[in-house]
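J.: Please construct the entire structure, taking both the sequences and the accompanying hints into account.
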Amino acid sequence: MHPSLTRPNVPDRLELRSIRKAYPAVVANDDVSLRVAPGEIHAVVGENGAGKSTLMKIIYGIVQPDSGEMLWNGREVVIRSPAQAQRLGIGMVFQHFALFDTLTAAENIALALPTTPSLNALSDQISSVAASYGLPVDPARPIYTLSVGERQRVEIVRALLRKPGLLILDEPTSVLTPQAVEKLFEALRRIAADGCSILYISHKLNEIQSLCDSATVLRGGRVTGTCVPRQETPASIARMMIGEDLPRYREATQAAAGRTRLELANVSLPTRDPFGTALADVSLGIRSGEILGIAGVSGNGQAELMSVLSGEQRLVEHGAVRLDGEAIGHLGPAERRALGLRSVPEDRLDQGAVPAMSLADNVLVTVNRGRATRCGLIRFSWIEAYAKTCIETFGVRCGGPAAHAGSLSGGNLQKYIIGREILQEPGVLIVSQPTWGVDVGAAVVIRQALLDLRDRGAAILVISEELDELFDIADRIAVMAGGRLSEGVERACTSRDRVGLAMTGGHGAPSLHVKEADDAVAL
Amino acid sequence: MSSLVAQLIVATLVAGTPLVYAALGELVVERAGVVNMGVEGMMVVGAVAAFAVAMATGSLGLGVLVAMAAGMLLSLLFAVLAVSFNANQVAVGLALTIFGTSLGSYLGKSYVGMALVVPPSGLGAAAADIPILGQLHPLVWLSWVLFTATWFFLYRTKYGLALRAVGESPASAHAIGYPVIRIRYLATLFGGALAGIAGAYVSLVYTALWTEGLIAGRGWIAVALVVFATWRPGRCLAGAYLFGGATMAQLFAQSAGVGLPSELMSALPYLATIVVLALISRDETMMRLNVPASLGKPFSI
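Going line by line, the protein sequences match chains U and V.
443 is the number that the UniProt record's numbering gives to position 443 of the first sequence; each next residue is one higher, with no gaps.
188 is the number that the UniProt record's numbering gives to position 188 of the second sequence; each next residue is one higher, with no gaps.
Just so you know, the hints here were simulated from the structure itself, not pulled from any lab data.
Quick caveat: nothing in here was measured; it's all calculated off a predicted structure.
Among the clues, some could well be false.
[Unchecked claim] Partial pick of chain U residues on the chain V-facing surface, computed with a CB cut under 7 Å:
#, residue
1, R80
2, P82
3, A83
4, Q86
5, A98
6, F100
7, T102
8, E107
9, L111
10, A112
11, T116
12, P274
[Unchecked claim] So, partial list: chain V residues that the calculated Cβ filter (under 8 Å) puts toward chain U:
#, residue
13, E168
14, S172
15, H174
16, I176
17, T285
Using N, Cα and C, we set each Cβ at its ideal position, and we do this for glycine too.
T.: Following this line, the structure appears as C-alpha cells:
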C-alpha cells in the first residue's frame, strides 16, 4: 500500500507536479507528476529515452525544468544546482559513477561532505555506515583498483553520510552480478526502513517487483501509468512501458554446431595500463552454427579480449589465434576482416562509427574492399545502396543514407552497425555488448539478427554484461573474471546463479555446471 | 674549493628560480584540467611590467606586484575565452603567447639596453652573512615558501583535493556540488600570477636589464616541465633546478673556452632538461595515474 495513503497528515517527501522539459529535438518530460512518501521505495520505470534520466537530473538540480512544480516535504522548492539539492537532503548514485579514479575512497567521500573531518574520523564513520547497511568499503584504496560493485558501494556510502531524505539510484544493477544485486537490495531496504525515501530507476521489471513499493511508468517523456508492482505481472508493466506486448523471438531452426572456426589458445597479455586487466591464459573455440556468450562484469578483461580477437592488439605468437586452423595472431583488423572475421565493438559512437559522417560514408569504415571502390576511388552509388539495404533490412529509423550517424538514437545506430557487418555474411562475428543502452524493441531485432546469422552457419561470439541476453541467445556460456575465461558450458547445463557466482571470480570459483557442482557438494 | 661549490649551487638556484615559479603555476592550472600554453607570453608581459615599474619607482616589490597583476590580467583573458566560452585551450594559449611576446617587445622598446640599479633590500642585507642563503634574492626564498604552500594546498587540504577532483572529472565534481568553472578560473589566475612573478624575477633579479627576447623560451620549458614531471610538484622543482644547473654549466664551459659554437651551447640546458625529464616520464603507469584526466577538455553545464 502506498504509505502516504495510510498517513494522510504526513506530507510527501517529494512531489512533482506537471514537470516539462523540452530540448530542441525532443520533449524529454511532458506533464510528469509523481509522489514519493517518506521511507517509500518508488520505481521510475521506462525504456531508454523515456525521460527517466532527465527527470532525475531535474530533481537533482543538474537540469532546470521549463515548467512545473517541485515540493519537498510539502514546501515548494526550486533546485538550481546539485549543491542545493544536497543541502535539501537529496542524494544521488549515478549510473556511470561520479567518482574520481585516482583518488582514494575516503578522499572521494570527503569531497562530498559539507564539513571536513580528519581522515581517521571519516574512516570510522565510513566503517560504521558500511557495517550498519552491509556495504563494506575500504577507505584507503584508490577507486581505479575497485570493482564496479565496490565503486557503487562507495557512491552509496558517500550519499548516506550526508543523511539524505531521498536517495536516487540510476540503473544501479546494470553492472552487478545477481548475488551483488541481492546484497544491494538488502541494504536499500534497510535504508528505506530508516526513513529515507528511494527513487529507483530501472527497466528491469523483476527487480522492481521484488524491491519497490510503488512505480511510475514513463514512455516518450509522459507518465503512462502508476502501479504497485507486486500486484502486477512483468507483462502488464511492460505493456505500460513500451505500449504493446513484449516482442518474442522466432522459433530457432537450429542445426547442430559444426567445426571450430575461431580458436584462441592460451593467450596471456600483460597490461601496463593501471586501469586495464591482464589476460591470463585465455583459451576459447567457437564452432560454426553456435553462439558463444561471454558473461562477466565489464572491466574483467573483456576489452582486452576484444582487442585480441579483432586484431587491434596483435600478438607475437601467430598461432595463438587461429581462424579455420590458420594462424592469424599477427594480423590486424583489416586483414582479419578480409579473411571473414568481423567484429562489432562495444562503443558504437567512438569505435563503431564516425558520428559526424553520413550513414553511407560509415559503410566504408569496415566495408572498403571489393565493390565499394574502383581504382581506389569510392563508388558512392554502391555505398549508398549498401546503406539503404542495411536500413531497410534491419528497420533502422533514420533520415536515410545521408543522415549523420551521430543523429541516430543508440538503438538505431546499433542496428545499423551490426547490420553493416551481417550484410557481409561473415563466417565469424564477434560482438561486444550488442544491446547496451538499446531499447527493448531494437534489442529484439538485434538478437534476432544474430540468431538468424547463426542459423545460416556463422560462428558468433557475444560478450555481454546482461545475463538475460546471454540466456536468451547463447548456445554456450563462458564467464570472464579477473582476466581469466572459464570453459564454455551448454546453456541448458548451467543457471543464472551459477554464472553469477563465477562472475565474482577468483580462483576456486565454482563450476558453471549445475549438475557437476551439485555432485561435488554431494561428495 | 668549497666556495666554488657554493658559487655553483647559488648560480643553479638563481637560474632555476624563474622555472620554479612558472612551472608551479602551470602545474596548478593543469591539475584543474586546464592547459594554458600562454606561460611564455605572460612571463614576457610580467617581465616588462616589472621592469618599467621598478625603473619608474625604484621599488622592486612594487614591480613584482604589478607583474603579478599583469600576468593575472592575461590569464583572465585566457579564462574568459577558454574556460567560459570553451574555446580550444591550446589555440587560445598559443595566441596568448604570441600576443604577450609582441606586447612585451612593444612596451619594452624604450628600455632596451637599460640596466636597473637598485640597492639590496633591507631583508637581503640583513641575511647577507648567511652562507649560500644570504647570496640569494628574497624572491628565491619566496619561491620555496610558495612551493611548500602549494604542495600543502594540493595534497593536504580539502580545497586542493577539490581542485584535483575538478581536473580528474569536472562532470563528477559538478554532480557532487563543486563550482567547476569558478575553481578553474581561480587556478588559471594563480597560474597567471606566478608566471608574472617568474617574468619579474628574470628582468629584475636575474639579468636586471631589459633586452629583446629576455624570457627566451623559459615559459615553454615550464609547460614541458609540468608534463614531464608527471604533474608532481617535487619533480617540477627538480626539473627547474636541473635546467638552472645546465644553464650555469654551459656558461662556465663557454667562459672556459670549449670549442663549440655558443648558440649550440646555449641550447644545451633546454635539450638536457627535456631529455632527462622525458626519460623519467617514460613510466606509463606513473603518467596514467597522475595526468589530470580532463586535461584540456572544456566543461560546460
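J.: Would you settle whether the hint for U:A83 is holds or violated, based on the nearest Cβ-Cβ distance to chain V being less than 7 Å?
T.: With a minimum Cβ separation of about 3 Å from chain V (threshold 7 Å), the hint on U:A83 holds.
J.: Verify the interface restraint on U:A112: the C-beta must sit less than 7 Å from at least one C-beta of chain V.
T.: For U:A112, the interface hint holds, since the closest Cβ of chain V sits about 5 Å away, which is under 7 Å.
J.: When the nearest CB of chain V is found for U:T102, is that gap smaller than 7 Å?
T.: holds (6 Å)
J.: Using Cβ atoms only, decide whether U:E107 comes closer than 7 Å to chain V, and label the hint accordingly.
T.: holds (6 Å)
J.: Do the numbers back the hint for U:T116, that is, is its least Cβ distance to chain V under 7 Å?
T.: At about 5 Å, which falls below the 7 Å cut-off, the nearest Cβ of chain V leaves the hint on U:T116 intact, so it holds.
J.: Once the shortest beta carbon distance from U:R80 to chain V is found, is it less than 7 Å?
T.: It is violated, given that the least Cβ distance between U:R80 and chain V is near 11 Å, above 7 Å.
J.: Can we keep the U:A98 interface hint, with Cβ of chain V closer than 7 Å?
T.: At about 4 Å, which falls below the 7 Å cut-off, the nearest Cβ of chain V leaves the hint on U:A98 intact, so it holds.
J.: With a cut-off of 8 Å, does the beta carbon of V:S172 approach a beta carbon of chain U closely enough for the hint to hold?
T.: V:S172 check passes; min Cβ-Cβ to chain U is 4 Å, inside 8 Å.
J.: Taking the closest Cβ pair, is V:I176 under 8 Å from chain U?
T.: holds (5 Å)
J.: Does V:T285 meet its interface restraint, that is, does its C-beta lie within less than 8 Å of any C-beta in chain U?
T.: holds (5 Å)
J.: For the hint on V:E168, just tell me whether its beta-carbon gets within less than 8 Å of chain U.
T.: Cβ of V:E168 sits 4 Å from chain U, so the hint holds.
J.: Hint check: is the beta carbon of U:P274 less than 7 Å from a beta carbon of chain V?
T.: holds (5 Å)
Checked against the numbered hints above, the structure violates only hint 1.
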